[in-house]
Amino acid sequence: MIEYEIKKIKHATQIIKGQVSKPVEILMILGTGLGNIVDQLSFNHALDYKDIPGFPTSTAPSHAGRLVFGEFAGRSVAIMQGRLHLYEGWSAREIAFPIRVVKALGATKLLVTNAAGSLNPAFNPADVMMITDHINFTGHNPLIGPHNDALGVRFPDMSNAYDRIVQRHIRSAFDRNNIALQEGVYAGITGPSLETSAERRYLRQLGGDAVGMSTVIEVVAAKQCGFQVAGLSAISNRADGGPDQLPDTIEEVLEIAAIAGRKMLTMLPDLIRSWSKGSGVNKND
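Going by the working numbering, the sequence shown opens with residue 93, and the numbers climb by one from there.
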């Protein structure tokens with residue numbers, strides 16, 4: 093089983109290299125309502141997920157399902173325009189597959205973005221939250237099952253999942269662009285149903301600042317691969333479970349996430365340039 097998975101990774105990598113010759117430095121995964129970031133890319137090539145052997149296809153609203161290659165802020169990037177979710181029926185290992193493929197293409201840095209509800213009552217819709225850590229409430233892990241060292245270490249350390257050095261770059265980039273930045277812990281759930289008010293209060297009590305249906309599986313796989321990871325959440329709705337909790341709709345989530353996405357896009361070139369100047373992983377930081 094594991095040997096077959098590694099063969100699939102190599103096959104997909106070979107197919108992509110046949111069309112995209114330049115090594116990738118940075119992988120970006122774009123969440124709900126944030127796909128327009130790709131419009132700022134100096135475009136080189138794009139592949140639909142369905143045309144890459146072994147790639148699951150994205151079915152979530154606003155997720156185009158393309159792997160796009162190009163230049164962003166002078167760096168060679170690959171952008172997953174649309175991500176994969178457990179609620180679509182994909183396994184955790186299937187969700188990890190694209191990350192392992194792009195790692196094989198040379199990427200060493202990963203920026204994950206997502207739309208998330210604010211468990212923290214101090215956060216407002218359209219805020220941007222830098223993810224400082226996460227809690228995996230999904231009950232899934234992409235590393236469960238047979239292991240081969242070709243995928244990375246068996247027991248990757250997650251104590252610095254969202255690299256603290258890169259967090260400094262993020263703070264500086266937001267500050268230089270005069271954009272307010274929230275910080276907090278992302279609580280990952282499976283979905284697709286939104287949380288009950290009681291669940292939201294519970295997640296808050298357990299340390300979550302924002303809640304969403306993605307990201308945690310990707311980051312676990314990325315850390316095993318050796319990626320340096322950064323994460324940003326577009327706060328799309330209030331989700332504190334209080335007495336004034338209002339119903340949410342996907343239309344409103346997309347609209348608000350797009351506003352926060354424009355804030356991210358304003359500072360993103362600044363972040364990419366400063367991140368790429370050689371900030372390494374400091375395990376003691």
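Hints are computed from structural coordinates only; laboratory data are not their basis. Keep in mind that the hints are not guaranteed to be accurate.
Capping the alpha-carbon separation at 25 Å, the derived lysine to aspartate or glutamate pairs in DMTMM-like fashion look like this [to be verified]: (1) Lys142 / Glu97; (2) Lys99 / Glu186; (3) Lys369 / Asp332; (4) Lys102 / Asp143; (5) Lys100 / Asp143; (6) Lys355 / Asp249; (7) Lys102 / Asp241.
We went through each hint and held it up to the structure:
1. Lys142 / Glu97: holds, 17 Å
2. Lys99 / Glu186: holds, 14 Å
3. Lys369 / Asp332: Distance ~39 Å between Lys369 and Asp332 Cα, so the pair is violated.
4. Lys102 / Asp143: holds, 15 Å
5. Lys100 / Asp143: Roughly 13 Å separates the two Cα atoms, so the pair holds.
6. Lys355 / Asp249: Violated, at about 32 Å.
7. Lys102 / Asp241: The given pair, whose Cα atoms are some 15 Å apart, holds under the 25 Å limit.
Figure legend: structure checked against the earlier numbered hints; hints not met, in rising order: 3, 6.
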